[in-house]
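Student: Chain B: place on chain A using the hints.
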Amino acid sequence: MLEQGKISSAQMGKMIFLAVIASAVTAVPSYSGKYAQNDLWLSPAWASLTGFLTVYAAIALNKLYPQKSVVEYSTDIIGTIPGKLFGLLILFFYIHMTGLIARGYAEFIIGNFLPQTPISIVIITMIAVCAYAVKAGVESIGRTAQLFFFFFMFPLILMPFLLRDMKPDFLFPMLEHGLLPSLKGALIPQGYFSEAFLMSFFLPFVTDRGKGMRSGMLTILGIALMLTCINLFILLVFGTQAADYLYPVMVAFRYISIADFFENLDSVVMTVWILGMFVKISIFYYATVLGTSQWLGLADYRPIVLPIGILIAALSFWSIPNLNQASRFDVISFPFYGPLMQTICPLLLLGLALLRKKGKQQSQAQMTMAPEQAHTHTEKQEG
Amino acid sequence: MKWGLVAGMSALVCILFAIEWPRLSRLPRRDKMTFIALVFIGWVLSMFDLPNLPGPTTMINEIFEPLGHYLE
Chain A
1 MLEQGKISSA
11 QMGKMIFLAV
21 IASAVTAVPS
31 YSGKYAQNDL
41 WLSPAWASLT
51 GFLTVYAAIA
61 LNKLYPQKSV
71 VEYSTDIIGT
81 IPGKLFGLLI
91 LFFYIHMTGL
101 IARGYAEFII
111 GNFLPQTPIS
121 IVIITMIAVC
131 AYAVKAGVES
141 IGRTAQLFFF
151 FFMFPLILMP
161 FLLRDMKPDF
171 LFPMLEHGLL
181 PSLKGALIPQ
191 GYFSEAFLMS
201 FFLPFVTDRG
211 KGMRSGMLTI
221 LGIALMLTCI
231 NLFILLVFGT
241 QAADYLYPVM
251 VAFRYISIAD
261 FFENLDSVVM
271 TVWILGMFVK
281 ISIFYYATVL
291 GTSQWLGLAD
301 YRPIVLPIGI
311 LIAALSFWSI
321 PNLNQASRFD
331 VISFPFYGPL
341 MQTICPLLLL
351 GLALLRKKGK
361 QQSQAQMTMA
371 PEQAHTHTEK
381 QEG
Chain B
1 MKWGLVAGMS
11 ALVCILFAIE
21 WPRLSRLPRR
31 DKMTFIALVF
41 IGWVLSMFDL
51 PNLPGPTTMI
61 NEIFEPLGHY
71 LE
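Chains as they are written, first to last, in the numbering used here: chain A, 1 to 383; chain B, 1 to 72.
It is worth saying that the hints were derived from the structure and are not from the lab.
Source: prediction; values computed, not measured.
Heads up, the beta-carbon is just placed ideally off N, CA and C, and yes, glycines get one too.
Incorrect hints may have been included.
[What the hints assert, rightly or not] Restraint-style ranges between C-beta atoms, simulated for each label pair:
#1 A:V268 - B:G4: 32 to 42 Å
#2 B:P28 - A:K63: 29 to 39 Å
#3 B:H69 - A:P82: 24 to 34 Å
#4 B:F17 - A:P118: 19 to 29 Å
#5 B:I19 - A:K167: 48 to 58 Å
#6 A:Y255 - B:G4: 41 to 51 Å
#7 B:D49 - A:D76: 39 to 49 Å
#8 B:I63 - A:G351: 40 to 50 Å
#9 A:N322 - B:G4: 20 to 30 Å
#10 A:P82 - B:P56: 47 to 57 Å
In isolation and in its complexed conformation, chain A is listed as follows:
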């Protein structure tokens, strides 16, 4: 195996948690609010359905092929050439997404805190740090996720300080136009939820794989709860105006002022958020690097970490001249592209793998019962 490190299922859960929520947390209230208006607190619940499906597909596939990642078992399930093609599509998806996530991170930093800094500096420094983590292997990414998970929870503790600015009236009228607006608002978050499929790259290194399903499902539940919580807070603070802000969470935290002493808490949120983004980009980067070396059958994945970093940096600029174009992808393509590659395709793979397994069992049973009969039967089937 390419990777010698081992992680626990709890570490994997925390990695996935940060991988999904790190970028979702800033943008989702605004994206959901655009369609769901004052029902945006309901959207993460719908969106989490995609997450549960994705986790189920990833874990069920891992049970059939315990030591393999999606790039490897796709060739076992649908044959060498289609499997390799599918692997290439998945790898293209992940390297592209890594670039776009790095771009989203940089746009956020430039827009909020470092307006004078060239965007390339922000992207390249982040990719360099992530390259260091990826080179260190899955164990170190798992441990950083475990550590940063608790820091990431810190902004939730600060939220009650906003109670003064909250107006419960903004919640009403609930479901004024039926369920459809909240379902529409769930389309973009469910793209983020589908990123839970990244666990298929990490499951082969999990020591207590029996707990994988439990930890994966709990992770999705946790993400859904946290997003609901944040959407609710944002709704109560801004009302339907939430959609007008690019990063409503940051704006909300700027409101906090305790005794004129604790102020500018948005910088705390940004610090914590950078930690989450670091884990997120590392995980995507790691999946890309590991997948590429598995796809090409390399002996070691470490030497290609830096070259792939250059490609990621290139992809983060490619055909994205400004912030408008960057968020255009998030709104137009990602809600469909993400789940297509990470939920629908794995579910299809799972269905085919189960059919294959069933067929194999049947033919084996027939072989043991009546070898000659079964032989003619399989010949007929093949014919």
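Tutor: Structure of chain B alone, referenced to chain A:
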């Protein structure tokens, strides 16, 4: 073409080779070829005016645009 960028990227490529070659020299030929190919692609891409060039993001946006408009 910005010659500063070309020189910078070439220097970066040289540094990459200096860092990775000791480990790579012990690995099979396939690993070396992959490394060289990836570095070369990255080096060539950095020569272009990438932000204003149609690329993967444009392609994906074109494919999913009808669905995206349905949402709006």
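Student: Now tell me, hint by hint, if it's right for this structure.
Tutor: Right, here's what the structure says about each hint:
Distance hint check for A:V268 and B:G4: the Cβ-Cβ separation is about 38 Å, which falls inside the suggested range of 32 to 42 Å. Taking the beta carbon of each, B:P28 and A:K63 are about 32 Å apart, inside 29 to 39 Å as hinted. Between B:H69 and A:P82 the beta carbons are some 31 Å apart, a value that agrees with the proposed interval 24 to 34 Å. In this structure, B:F17 and A:P118 meet the distance hint of 19 to 29 Å, their C-beta atoms being roughly 26 Å apart.
The hint said 48 to 58 Å for the Cβ distance between B:I19 and A:K167, and at roughly 56 Å that hint holds. Between A:Y255 and B:G4 the CB atoms are about 44 Å apart, so this pair conforms to the stated range of 41 to 51 Å. Separated by about 43 Å at the C-beta atoms, B:D49 and A:D76 satisfy the suggested range of 39 to 49 Å. Range check, B:I63 to A:G351: about 24 Å between beta-carbon atoms, so the 40 to 50 Å window is missed.
Distance hint check for A:N322 and B:G4: the Cβ-Cβ separation is about 23 Å, which falls inside the suggested range of 20 to 30 Å. With their beta carbons about 22 Å apart, A:P82 and B:P56 fall outside the hinted range of 47 to 57 Å.
Checked against the numbered hints given earlier, this structure breaks hints 8 and 10; the rest are met.
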